Amino acid sequence: MINKFRDSVEDAIADIRDGSTVLIGGFGGAGSPTELIHALIDQGAKELTVVNNNAGNFETGLAALIKAGRVRKIICSFPKASHSWVFNEMYKAGKIELECVPQGTIAERLRAAAAGLGGFYTPTAYGTDLAAGKETREIDGKNYVFELPLHGDFALVLAERADRWGNLVYRKSARNFGPVMAMAAKTTIVQVREFVELGELDPECIVTPGIFVQRVVRVEDPQIST
Amino acid sequence: MIKARSRAQMAERLAQDIPDGSYVNLGIGLPEQVANFLPADREIVLHSENGILGMGPAPAEENVDMELINAGKKPVTLLTGGAFFNHVDSFTMMRGGHLDISVMGGMQVSAKGDLANWSLGRPGEPPAVGGAMDLAVGAHKVYILMEHNAKDGSPKILERCILPLTGVESVDRIYTDLAVIEVAPEGLKVIDMVEGLTFEELQKRTGATLIDARA
Chain H
109 MINKFRDSVE DAIADIRDGS TVLIGGFGGA GSPTELIHAL IDQGAKELTV VNNNAGNFET
169 GLAALIKAGR VRKIICSFPK ASHSWVFNEM YKAGKIELEC VPQGTIAERL RAAAAGLGGF
229 YTPTAYGTDL AAGKETREID GKNYVFELPL HGDFALVLAE RADRWGNLVY RKSARNFGPV
289 MAMAAKTTIV QVREFVELGE LDPECIVTPG IFVQRVVRVE DPQIST
Chain W
74 MIKARSRAQM AERLAQDIPD GSYVNLGIGL PEQVANFLPA DREIVLHSEN GILGMGPAPA
134 EENVDMELIN AGKKPVTLLT GGAFFNHVDS FTMMRGGHLD ISVMGGMQVS AKGDLANWSL
194 GRPGEPPAVG GAMDLAVGAH KVYILMEHNA KDGSPKILER CILPLTGVES VDRIYTDLAV
254 IEVAPEGLKV IDMVEGLTFE ELQKRTGATL IDARA
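Protein chains in written order, with this note's numbering: chain H, 109 to 334; chain W, 74 to 288.
Hints are not guaranteed to be accurate.
[As the list claims (entries may be wrong)] The list that follows gives simulated cross-link-like pairs (lysine-lysine, DSS-like), each with its CA atoms no further than 27 Å apart:
1) K181/H - K224/W
2) K224/W - K185/W
3) K250/H - K185/W
4) K250/H - K224/W
5) K175/H - K147/W
6) K188/H - K146/W
7) K250/H - K147/W
8) K147/W - K280/H
9) K188/H - K147/W
10) K224/W - K242/H
11) K200/H - K146/W
12) K280/H - K294/H
13) K224/W - K188/H
Since the hints were made in silico from the structure, they are not lab data. Nothing here was measured: the structure is a model prediction, and the numbers come from that model.
Pulled out of the complex, with its shape left as it was, chain W reads as follows (with noise of 0.2 Å):
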C-alpha cells in the first residue's frame, strides 16, 4: 500500500530541509504550516511580504493585533530579534535575492521548473497575482509544496504548464505527498519516495519524465 504523505506531514518532510540561519518566505496556505515543524534546535528567520522579519506564531486571542499581520492578513507575533520594515526593503529582500527559500503552493510545474500558481486563466475573473512573482524570481531556493496529482487524478508535474505562468524556470525542488523532486539541469531527479510506492507507479502519476536519483 502506498503510504502518501498528509498535508501536515509533506510540511514537516518540507521543513528537515531548511538549515539552520535561514532566511525563508512561506507563502499562504499549505506552506504556512511548514512554520509548525521547524526544527526546535534550528535558528530559522520567517519574512512576511507586507514587512516583517522574525514572524512568530499566531497569538493568544486576548493578544490579536490587527496592525501586525501575515501575508494572509492573519494576526501573528513578532520573536525577539525581529524587525518591521516598508514594501520597497520587503520586496527588495524577496526580488533581490535575500532570502534563501522561498515556500509556495503550486497548481503546475514544468519539468524545466516552471511554476503555475496564481491563475486558473478563467475568463471574466479578475487576475490577482499579489507577491508570487516577486517570490517566484527572487529567492535563492523556490520549494514548492503540492500534492502530486489535482483532484481528478491528473499530473500537476507536466513537460510544460498549460496554466498561466508565474515564472520561468524559478523551481528547485518540487515536495509532494508522494516524493521529493529536484529540477536539475538533466531533469526530474527524484531524491526520495514514500513508502509502497514504485518508480514505475510514481512515473505513470507524474505528466514529465522522471530520473530516479535515490540515494
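Chain H on its own, in the form it takes in the complex (with noise of 0.2 Å):
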C-alpha cells in the first residue's frame, strides 16, 4: 500500500542533511511552504543551497532560514524587495552567496533537470552581464546561451489538496514553482491544507501526479508571510 502521508512537519523533514540543496516554492509569500521551512529551521540542517523565486520577505519561512545562517549560497531571480531586508544584510555581510538567475532560466533549469536533460539553449541573458562566461551558439540566426540543469535533493513545496499517493492540486497563484520544483528534487515533500481519498481528486484537474512526490503533511491554516 502507499501512503504518503505524514503525522508532522518534524517527521517530513528530519532526513534533510547538511549541505543539501534544497528547491523551496513561492513567489513572494504565495505557495511558499512556511511550516515546513520553520521545521527545518529547528531541524538544524546548515551550509544549504536554497533555489527560490525571491529570498525571503520579512522575518517568517526562507528569511528566517537564512537568518539562522542556514544558507551558504542561495540561486534565485530577484532578492531584492522591500521586506528584503535579512537577506541584505547578510550579502552585505558576505555571509551568503548569491548566484542571480533569470526567472524564466531558473524554472526551466529545474525543469531540464526533472526531464533528464543535460541542459539547453536559451536566448534570455544573450548579450548581458548574467550570461558572462557562458557558452553561447547560434542557432538559425539567433543567439542562445548554454544553461545547466539544477537539480534538488529536496524540495518543499505548498499545494492545497492532496491524497495518499501524493497526487496534488494547488491553489490560484500560490502554484507557481510547486509543480516543476517537485519534479526536479529526489526527495519532494509538500505541505497541503487538506487531505483527501484516494478517487476524490478529479483526474483530468491533478496538476502533479504522485511519482513526483515523497511526503505530504498537512498544515491546515499556513502562515503567508506578506
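Join these two chains into a complex; the hints should help.
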C-alpha cells in the first residue's frame, strides 16, 4: 500500500542533511511552505543551497532560515524587495553567496533536471552580464546561451489538497514553482491544507501526479509572509 | 509651451496601441497603469509571470487573497475566462513568443533597441533580474514606457546603453512623456510628439539620431 501522508512537518523533513540543495516553492509569500521551512530551522541542517524565486520576506519562512545562518548559497532571480532586509544584511556581511538567474531560466533549469536533460540553449540573457563566461551558440540566426540543469536533493512545496498517493492540486497563483520543483528533486516534501481520499481528486485536474511526490503533511492554516 | 505627458497620460497613450485580442504582459511600476486605460471595447488578456492569464484589477479590501497576487506581489483578481498555470508554462509563454506585447519600464534604450532596465551596475548591490530578461527576448513586441530624460535631464535614449543590458536589440517602440518612437532597421523613427514641441527640441533632448516619421 502506498501512503505518503506523514503525521508532522518535523517527521517529513527529518532527513535533510547539511549541505543539501533544497528547492523551496513560492513567489513572494504565495506558495511558500512556511511551516516546512520553520521545521527545517528547528531540525538544524546547515550549509544549505536554496533555490527560490526570491530571498525571503520579513522574518518568517525563507527569511528566517537565512537569518538563522543555515543558507550558504541562494540561487534566485530577484533577491531585492522592500521586505528583504534579512538577505540584504547577510549579503552585505559576506555571509551568503548569491547566484542571480533570470526567472525563466531557473524554471527551465529545474525542468531540464526533472526531464533528464543535460542542459538547453536559451535566448534569455544573451549579450548581458548574466551570460558572462557562458557558452553561446547561434542557431538559425538567433543567439543562445547554454544553461545546465538544476537538481534538488529535496523540494519543499505548498499545495492545496493531496491524496495518499501524493497527487496534488494547487490554489490560484500559489502554484508558481511548485510543480516544477516537485519534479526536479530526489525527495519532494509537500504541505497541504487538506488531505483527501484516493479518488476524490478529479484525474483530469490533478496538476502534480503523485510519482513526483514522496511525502505530504497537513497544515490547515499556513502562514503567508506578506 | 511643451505639453509633456503625465505618467498617467503616457500609460493612456500606450494603451491606445494595444489591439483587440492581444495577450499582454505589463511590467512592474509605471506599465501597470496601462491596465487603467485599456479601451473598454477591446478584449485584452493580461498575463502575470507568476502564472496568471486574465488578470483583473485589485480587489476590494475585504476580498484580498494573498494567494492571488501579481508580479509585484500585490493582490489582484481573476477575470472570467482566466487561468492559472505553473512557472514553466508561464515562461514558455514569455520566452517562446506567445505574448503579443510586453510593456516594460526602461532606464536606457539604444538606437538599435538594446534595453537596460534591470541594474544600475552599482558594485556591492545584489543583482536582481526577475523576469525582465525573459520578457525582453520573448514577447512579439516589446514596448518601453519611460520618461524621455532622467531626473538630471540626461537623455535615456542613447546611441549605446551605458547601464548593464537586459536584452540586445529587443525594443520595438519607446513611449515617453514627449514622443512615441519606433525602433526600425533604418533608425529611431519619431511617429508622434506632444504639442508645443519641435522636432529639433526633441532631438536635443535625445542622445541618438532621430528620424522624423510623423504622418
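Structure-based check of all given hints:
1. K181/H - K224/W: Given that 27 Å is the threshold and the Cα spacing comes to 37 Å, the pair is violated.
2. K224/W - K185/W: Holds, at roughly 23 Å.
3. K250/H - K185/W: 16 Å, holds
4. K250/H - K224/W: 36 Å, violated
5. K175/H - K147/W: OK: K175/H and K147/W at ~25 Å, within 27 Å.
6. K188/H - K146/W: Between K188/H and K146/W the Cα gap is close to 13 Å, so the pair holds against 27 Å.
7. K250/H - K147/W: 36 Å, violated
8. K147/W - K280/H: 14 Å, holds
9. K188/H - K147/W: 16 Å, holds
10. K224/W - K242/H: 36 Å, violated
11. K200/H - K146/W: 25 Å, holds
12. K280/H - K294/H: Holds. K280/H to K294/H sits at ~26 Å (cutoff 27 Å).
13. K224/W - K188/H: OK: K224/W and K188/H at ~23 Å, within 27 Å.
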